[in-house]
Amino acid sequence: MHARIGPNRVGPFGLLQTIADTLKLLLKEIIIPAKADRFLFLLAPVLLLIPALAAWAVVPLNPEFLIADIDAGLLYLLALTSFGVYGVILAGWSSNSKYAFLGSMRAAAQMVAYEIAMGFALVGVLMAGGSLKLGAIVEAQSGGIFNWFWVPLFPLFIVYFISGIAETNRHPFDLAEGEAEIVAGFHVEYSGMGFAIFFLAEYINMALISVLTSIMFLGDGRAFSLAYHFLTVQL
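According to the working numbering, the sequence shown is numbered sequentially starting from 1.
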């Protein structure tokens, strides 16, 4: 129907297809609906991306690679992850579209609801580790697999795992993007870079939840590779 290079034709074995799709999104025109609030429409993707990036400042990927090891690291993470809901609501409201607005209400309700469950699950980690500092939580799990918190806190680990999948809108919790009902969710009116930023923030949050699973329940940096399996499940 159209002369588009297929999804496995760019580069050897299709390895450069992701880069090609990214460049395509970045170079496309950002179309703003005629009756949309222009300022809020452009602000919404930024409000979703900034908290997603800022949350990584306190994540100890390893003892040498850490931007800020603050005393209230866990509280900082919970606060920043809750800010993303404002970008979702603004995206739906500023688009002046019923489909986008319904999608934003669904997404906001789901994010707020499962953040509560995730927060309660992490309270157990806080009590077991005796600190809000992520580095101290990692140190509390040193000494082997039987010291990891997922063993004594297995019910909370399951709650956190399910809440993390729901928080990032992965299947089967992708109600906010129900294509048969509301087309594509709160970002249905976005194109080009705005659309790309929404998906970038979503996948950054997926990676963050995966890494936090390793830090909170699966011991120290040696368990970091296990976060890949959690990310694979979400994908």
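Derived from the structure by calculation, the hints contain no laboratory data.
The reader is advised that the hints may include incorrect statements.
Straight-line distance between alpha carbons at most 25 Å, and here's what the computed DMTMM-like set of lysine to aspartate or glutamate pairs gives [claimed, not checked]: (1) Lys98 - Glu29; (2) Lys98 - Asp69; (3) Lys28 - Glu202.
Results of checking the hints against the structure:
no., hint, result
1, Lys98 - Glu29, "23 Å, holds"
2, Lys98 - Asp69, "43 Å, violated"
3, Lys28 - Glu202, "20 Å, holds"
Hint check: a violation occurs at hint 2 only; the rest are consistent with the structure.
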